[in-house]
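Asker: Based on these hints, arrange chain B on the given structure of chain A.
Sequences listed follow chains A and B, in order. Every letter in the first sequence is one number past the one before it in this note's numbering, and letter 122, counting from 1, is 122. Every letter in the second sequence is one number past the one before it in this note's numbering, and letter 91, counting from 1, is 1091.
Simulated from the structure, these hints should not be mistaken for laboratory data. Being a predicted model, the structure only gives us computed values, none of them experimental. Take these hints with a grain of salt, some might be off.
[Said to hold, decoys possible] Here are the simulated lysine-lysine pairs, DSBU-like style, with alpha carbons at most 30 Å apart:
#, chain 1, residue 1, chain 2, residue 2
1, A, K418, B, K1021
2, B, K1321, A, K250
3, A, K418, B, K1274
4, B, K1321, A, K399
5, B, K1274, A, K255
6, B, K1070, A, K356
7, B, K1215, A, K418
8, A, K437, B, K1321
9, A, K358, B, K1021
10, B, K1321, A, K435
11, A, K231, B, K1274
12, B, K1215, A, K16
13, A, K255, B, K1321
14, B, K1274, A, K399
15, B, K1021, A, K356
16, A, K418, B, K1066
17, A, K358, B, K1215
18, A, K279, A, K119
19, A, K250, B, K1274
20, A, K358, B, K1070
21, B, K1321, A, K418
22, B, K1316, A, K255
23, A, K250, B, K1316
24, A, K399, B, K1316
25, B, K1215, A, K231
26, B, K1070, A, K418
27, A, K418, B, K1069
28, B, K1215, A, K356
29, B, K1316, A, K435
30, A, K147, B, K1321
31, A, K358, B, K1069
32, A, K155, B, K1321
[As the list claims (entries may be wrong)] A few chain A positions that, by computed beta-carbon distances, are all more than 12 Å from chain B:
#, residue
33, T79
34, T121
35, N127
36, S154
37, K320
38, A439
Yeah, the Cβ is synthetic: ideal placement off N, Cα and C, and Gly gets one too.
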Amino acid sequence: MGRSTFLGGIHTYDGKELSMDKPTTVLLPRSDLVFPLSQHIGAPSKPVVEKGEKVLVGQKIGEAVGFVSANIISSVSGTVKEIEKRLTVQGTMVESIVIENDKEYRTVESFGVERDFTKLTKEEIRNLVKDAGIVGLGGAGFPTHVKLTPKDDSKIDYVIVNGAECEPYLTSDYRMMLEEPEKIIGGLKVILRLFENAKGIIAIEDNKPEAIKKLSELASKENRIEVHSLKTKYPQGGERQLVYAVTGRKLNSRKLPSEVGCVVDNVDTVISVYMAVAKSTPLIRRIITLSGDAITSPGNFNVAIGIEYWELLEAAGGFKDKPEKIVSGGPMMGNAMYTSNVPVTKVTSAFLAFLKDKAAVEESPCIRCGKCILACPLQLMPFELAALSNRSDEDGFVKKDGMECCGCGCCSYVCPSKRSLTQSILQTRASILAKRKKA
Amino acid sequence: MLSDLYHVSAAPHTRSSVTTKNIMQDVIIALIPAGLFGVYNFGIHALMVIAVTVLACVMTEFLYCKYRKKPATVGDYSAVVTGILLAYNVPSGFPLWMAALGGIFAILIVKMLFGGLGQNFMNPALAARAFLLISFPNRMTDFAVDKIASPGVMDYLQKGFMAVDGVSGATPLAAIKAGESVDLYKMFVGQIGGTIGETSVIAILMGAAYLVLRKVISLRIPLTYILTTVVFMLIFGGKGFDTTFLLGQVCGGGLLLGAFFMATDYVTSPITPKGQIIFGVFLGLLTGLFRHLGGTAEGVSYAIIFCNLLVPLIDKATRQKSFGRERAAVEK
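Just chain B, same shape as in the assembly:
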């Protein structure tokens, strides 16, 4: 009987307990605070957008595997992460069918057609965001919140605290760009306009701290990214050392969400520590450029998908020198 025999396989005979699934689960856990705040802030419709994108992503992957007669891969939860991230990148009032379309695009076009998990050359959620932004520019930049004069409990649930407390729907970055001042405290808590998952600095940082503690991500990419953006704005922002302006650049818009959750995506970021630092610097420079000179106030998602394309080059340029070699192997 086969089961009576001892297993024979090549060494090592022990493995660490970390699995792809664990990692994805950790990312999902880390994304929960930002999502909860998004729903609190924008109301029940935000939750529906999240549900729809996750469902669209998971179903697309499941059906694709089924159609291509490949083993089902949805069990690794990576499609769930893509779905959540996509939802966090669209406004709360976004039409559900458009959200679903974004999810299908992210998984089918960007991920599965290139070979599935580990093969996509671009962050699927951000590529889908770019796709939606080009296809539906008005809806993607509509951060308006309907104001309610005398709210009841149901209003809180349906429309969120934003509508009730009468916070402006415009994003802080747009306000800064237009020369208006912003309220740093509100920005830190997240009672501002923006996409579903990007508004609350404190919620994003909680999730990021969890990922760092669990050793899912290192700080190399996020820190160099954020620092480079700050330095860029310090030099070229035109406001000098204005803390409100600089903090507004960091905390308003998608920088923190992008730096901690999307630029750190393993598949689409450089693999060597040195490469990750270069990647962070490039991201910061591009984000600064896009925000400073671009047509819109935002620049994070384009900066990330653009730098995703540079990853193979960065990897090639930052190969490690193997132990005991005078030069890196590739130069020989």
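Next up, chain A with everything else stripped away, as it sits in the complex:
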């Protein structure tokens, strides 16, 4: 068993008190919805609808291309208005399907039909997950059916539900654990049917005692499921940190969790698996936290995927004052945006707005204080990797394990000289990956 924590990491102001006690409210879209065809890791999906075509809630509009890819499902009924390049959170223009919402929410026939998952075969479960377009909702967007299909099912001994939610400000997973714990247990039971030798572990940071209590009560009735409380530290929810904290097994960047007998899925993903398999509801909605000191009334919202950020913002009462920075995702790993006219995707966990941009600080020379080394959860030497990056020494970068970086942002956070270490390292890492792909 693991030690419930990991080496390195940081403690930071978590801002969760702004929204953790706000129950999720369902938000219906008022305007057009935008579905980028690439909102997951792997090949972009290909559109299966045409301009002018009528679509229903739950209808597949984008189809997975190959194994590592994911379907895209319409979250509203209406007409396909456009298939064109649209701006995404990452700042790139991505081919997207734009749907004009008729606000009638007519669904496809099979939508919402109850199903007894205990009577399904493994293959049927995997196909249902694949058809529902489920990807890792924690942020990476790795197609879930791929994760659930390791080489050997019998070698998986842990299915870990990631309820760490270590990113500051985010409370969407927390709200799900409080509001729909039965669905988490249900989803985990579905996944456990795939792995006969596995034990289900719901891992939660100990700053969420309510969630631990609630899920422990439910887990006590199940013989293959238990709750594991983790020490609160960022990035406890990182896959490699989580696997280590729960099982004591170490993963490097080239290993998948299944190679050490683990399957890791986020809380929201597990609920989606349950909804897809037991309720015939594909991935069309998700929970998003709206928070930050510039938001009038922070809260958690259950929104249709494809809705644009400005609609969420209106629902939260708009800005208190003009923010300097708006971020999709958490403050440590999220993306800054220059406009709120971009759509929510499957992997959006939060919309944050800050009056002050704390990252807008002057860089000064490295004083070799060593704080980045102590903070790195992967025991890398960020100051050295950043220096190698800055002089484009890619061979040196690889030799010093730069490719192991997970991009958690701890090094930049702690640096007293305010150097953009994470940025330099990730940039070089991306450039090396791109070259490898070409070769």
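Answerer: Just chain B now, with coordinates in the frame of chain A:
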């Protein structure tokens, strides 16, 4: 309008409140007790030495940046720290022009010519001390205090309590080396001879405790350094387990000031925790060797600048093994 747009930058979008300037400010605050005691002990001239070295360091850095048309870096206060440390390492009666020369040497030669903050390979204050010791050996080792027969208020101010209370000007380490006994209580308080900032154990420890509490320094280097020195002296000192002798080795001379304030200098010490422990051990061994076999009673500053040169090697030898790797990356 540009100011109307939201900021866009790479993650993370939040930063800790610790800055280089904060750290330097903390070091300056931590150095104040030792300085105050130095002035109390040695009189107003000690304060002037401190003022001159700080001014020389700051002005040198400022003018250098101006001349090289680089952004001014004096705002990070690192030059102030260098100035204070240099002053703490010279005798109270040191001529002011020599002190100024030391400050210029520390900043210009040791720091700026190598690229400024973060690039110097040696502690600037200690390198300047070595430079002064070689250039002006007599003045650097002259700890004499003029005795005053019937002191008035002005005498206290000008010459300090040392002169008035009639404490010997010789440093305790020199006394130990010469086979004389030392007064531990006086040493602890600091009413002894020595350089401006090194005499008061209690003042140095107050500053060190502040730095540890503020998490500016860790105890890895100072503790291993001091312990190794004690162990060395225990084995090779020739006095066996003689507490007065051992405590004299720790509290007399520059060991505490060096261990807490100069060996811990980020730029010139190893960056990994393991490396810092090795560094501390090396420092202790060298200090012991220099004190035991060397010509003078002191050994701290040479031990530190010598070990500063070993830092790149120590860093290389103590690379961390990255998470999930069987071996350290560099071996592959």
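Asker: Holds or violated: K418 of chain A and K1066 of chain B, Cα atoms, limit 30 Å.
Answerer: Roughly 24 Å between the alpha carbons, so the hint for K418 of chain A and K1066 of chain B holds.
Asker: Does K119 of chain A sit within 30 Å of K279 of chain A, going by the straight-line distance between their CA atoms?
Answerer: holds (14 Å)
Asker: Given the hint that K1321 of chain B pairs with K399 of chain A, does the C-alpha gap stay at or below 30 Å?
Answerer: It holds: about 12 Å lies between the C-alpha atoms, which stays within 30 Å.
Asker: Checking a non-interface call: every C-beta of chain B should be farther than 12 Å from the C-beta of K320 of chain A. Is that right?
Answerer: holds (15 Å)
Asker: Check whether the Cα positions of K1316 of chain B and K255 of chain A lie no farther apart than 30 Å.
Answerer: holds (27 Å)
Asker: Does the alpha-carbon distance linking K231 of chain A and K1274 of chain B stay inside the 30 Å limit?
Answerer: holds (25 Å)
Asker: Is the Cα-Cα distance between K1274 of chain B and K255 of chain A 30 Å or less?
Answerer: Holds. K1274 of chain B to K255 of chain A sits at ~28 Å (cutoff 30 Å).
Asker: Are the Cα atoms of K1316 of chain B and K435 of chain A separated by 30 Å or less?
Answerer: holds (29 Å)
Asker: Confirm or reject: T121 of chain A is not an interface residue toward chain B, with every Cβ-Cβ distance exceeding 12 Å.
Answerer: About 35 Å separates T121 of chain A from the closest Cβ of chain B, which puts it past 12 Å; holds.
Asker: Does the no-contact call for A439 of chain A survive, Cβ to all of chain B over 12 Å?
Answerer: holds (20 Å)
Asker: Straight-line Cα separation of K147 of chain A and K1321 of chain B no greater than 30 Å?
Answerer: holds (28 Å)
Asker: Keeping to a limit of 30 Å between CA atoms, is the pair of K358 of chain A and K1070 of chain B held or broken?
Answerer: holds (26 Å)
Violated hints for the displayed structure: none, as all numbered hints are satisfied.
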